[in-house]
Amino acid sequence: MAVNKSENTIMPNLAYERELNRWRNVLKIFTEPEPKMGHTPRVEVWRKNKSVLWHYPAKQRKFEIPLFFVYSLFNKPYILDVAPKTSVIEGLTNLGYEVYLLDWGTPGYEDKKIGLDTYIDKYLRTAVKRAIRHSGAEEITLVGYCLGGTIASIYASVADEPIKNLIVATVPIDFSAFIGPDKWAEGMRNGDLNIEHFIDVYGNIPPKFVEGMFRAIGAPIYFTNYTMLLHRAHDHRYVDKWRRMNKWTLDQVPFAGEAYRQLSTDLFKDNKLVKGEIVIGNKQADLKNIKANLFVISGSRDNLILEEQSKPIMDLVSSEDKTYIVVETGHVGLALSGLFAKIVDQWAASRSEPLN
Amino acid sequence: MPDNNKTYDPFETLHKFSLLWEKQINDFIYLWTNNNEFVKAANLGTELHSRYLESMKKNQEALASVLNLPTKSDVTNVANLTIQAEEKIEALEEQLWDLQDSVKVQAKEIEGVVEVSKDIIKLTKQLKTELVKTKKELTDTKNLHEELQEMKFEIMKLAGFKEELEALRSLMEKDPAHELTGAGTSK
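Chains A and B are the protein sequences, given in the same order.
Using the numbering used here, you'd call the opening residue of the first sequence number 1 and step up by one each time.
Using the numbering used here, you'd call the opening residue of the second sequence number 1 and step up by one each time.
Take the hints with a grain of salt, since some may be wrong.
Said to hold, decoys possible - Short, incomplete list of chain A residues facing chain B, as computed with Cβ under 7 Å:
| no. | residue |
| --- | --- |
| 1 | Pro12 |
| 2 | Asn13 |
| 3 | Leu14 |
| 4 | Tyr16 |
| 5 | Asn49 |
| 6 | Gly105 |
| 7 | Gly187 |
| 8 | Leu193 |
| 9 | His197 |
| 10 | Pro220 |
| 11 | Ile221 |
| 12 | Thr224 |
| 13 | Thr227 |
| 14 | Met228 |
| 15 | His231 |
If you're looking for bench data, these hints aren't it; they were derived computationally from the structure.
Built from N, CA and C at the ideal position, the CB exists for glycine as well.
Let the hints inform the model, and build the full structure from the sequences given.
Here it is in structure tokens:
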């Protein structure tokens, strides 16, 4: 319902209905309850401390080998099941995959001594064993997203369990490249910026600091998400998507102190993963031990993990079947849009023993 | 000529400007912070903050100890005990799995042995039947043997009889007249 502008009037044409919708939707943000996330049916398979292994049954099982998702320790994994129709997990279960997801949970002060080695050896390994037993399959496909990809890669290099395929998306492997201010990286590497004492005192890194860290690396001042919302608030689908994304972005989890220390010292400062110097349990995590089929996905618009950080894994593993692709998307967009499910299916379908 | 159908969106311009401002502010912050002096100052600030918090915690622990109040460290210790218990149960569960698996393997092996035993029983039955059959045949053979013996004996007897007949015959052939005369003479 647009009002025609006469040539003499200086008032611009306003679509009044659109403006009404805009403010109605904005009002709804403040009055309506938050959108519900994690709608795909699931059952709890195993629980330890705060971590839970979830099973999302396939609508109609079409593949023998299940998918096992390892998400980052920085955020909550419900981004993988964020909304109906765009959910990555829902998409994969509809395509016939049995999906397992290890939710690391929210660490408390008592978990400050959990390091990456503990997470891998005592949580991830057990969860994978449980998933294999639960699914009745002989092998499994690991799918790691962001830091979850790093964790999955480290685990795959020391795993005794039968890992047939390894899929990693927007994964940091080579920490010599860094998207943030270079002097900060230099300061952390030469000891000018030392957070050891800070970690000791806090135990865990509080969620606000985790959020602040990401903001500092990407955009310290960030308000265009709100102006973008105002600009497109007349579209209720966009508002719903915005609300989900906004909720997830602000829903940070604390980072276990020891794991953060290892992340900043062993991975970022010393770049031990590329050098094959990380030790998990009594085994050396050398990426050349990985023989599983490998699929690496990078986002061309990723403002957090650079392509140079992901690509080196291709030369470090011993896998014969390995694929690397760059997708026109951002760091979170891959999961948020549900595109990830299609990409995973295209590669994994022929490698997951299709059932007749 | 202006497009009269195009409507005005007041927030489109705002968004465009906000993108510009945000980028300018962030670029400024980047330039302002991306130097060694800022890094060192940040490090000093972090260290001071940590020390302040550390002394606060120490005082809190001391006070809680005097008042006999549990602190977060005590809760941590208890939580760790729970996690240890969880890990033990987990280990037990895995051992149970191993046991279940070995029982399954053994059950399969037993099933195999039972199958083999069934075959053996079947074979034994077959052998038994064969044996009974053979035994019967052996008895028949014995009877046959006895009959043969009897027949042999009869044949032997017949042979003796034949010999006597032969002797008689030869006697008759040697002196046929005498015998005939003698047969017809009476004194």
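The hints, checked one at a time:
1. Pro12: Hint on proline 12 (chain A): holds, closest Cβ of chain B at ~3 Å, below 7 Å.
2. Asn13: holds (5 Å)
3. Leu14: It holds, given that the least Cβ distance between leucine 14 (chain A) and chain B is near 6 Å, below 7 Å.
4. Tyr16: Violated - the Cβ of tyrosine 16 (chain A) stays beyond 7 Å from chain B, reaching only about 9 Å at its closest.
5. Asn49: Given a least distance of 5 Å, the restraint on asparagine 49 (chain A) holds.
6. Gly105: violated (12 Å)
7. Gly187: Cβ of glycine 187 (chain A) sits 4 Å from chain B, so the hint holds.
8. Leu193: Holds, about 5 Å.
9. His197: holds (4 Å)
10. Pro220: holds (5 Å)
11. Ile221: holds (5 Å)
12. Thr224: holds (5 Å)
13. Thr227: With a closest approach of 4 Å, the threonine 227 (chain A) hint holds.
14. Met228: holds (6 Å)
15. His231: This hint holds: histidine 231 (chain A) lies near chain B, its Cβ roughly 4 Å from the closest one there, short of 7 Å.
When the structure is compared with the earlier hints, violations turn up for hints 4, 6 and for no others.
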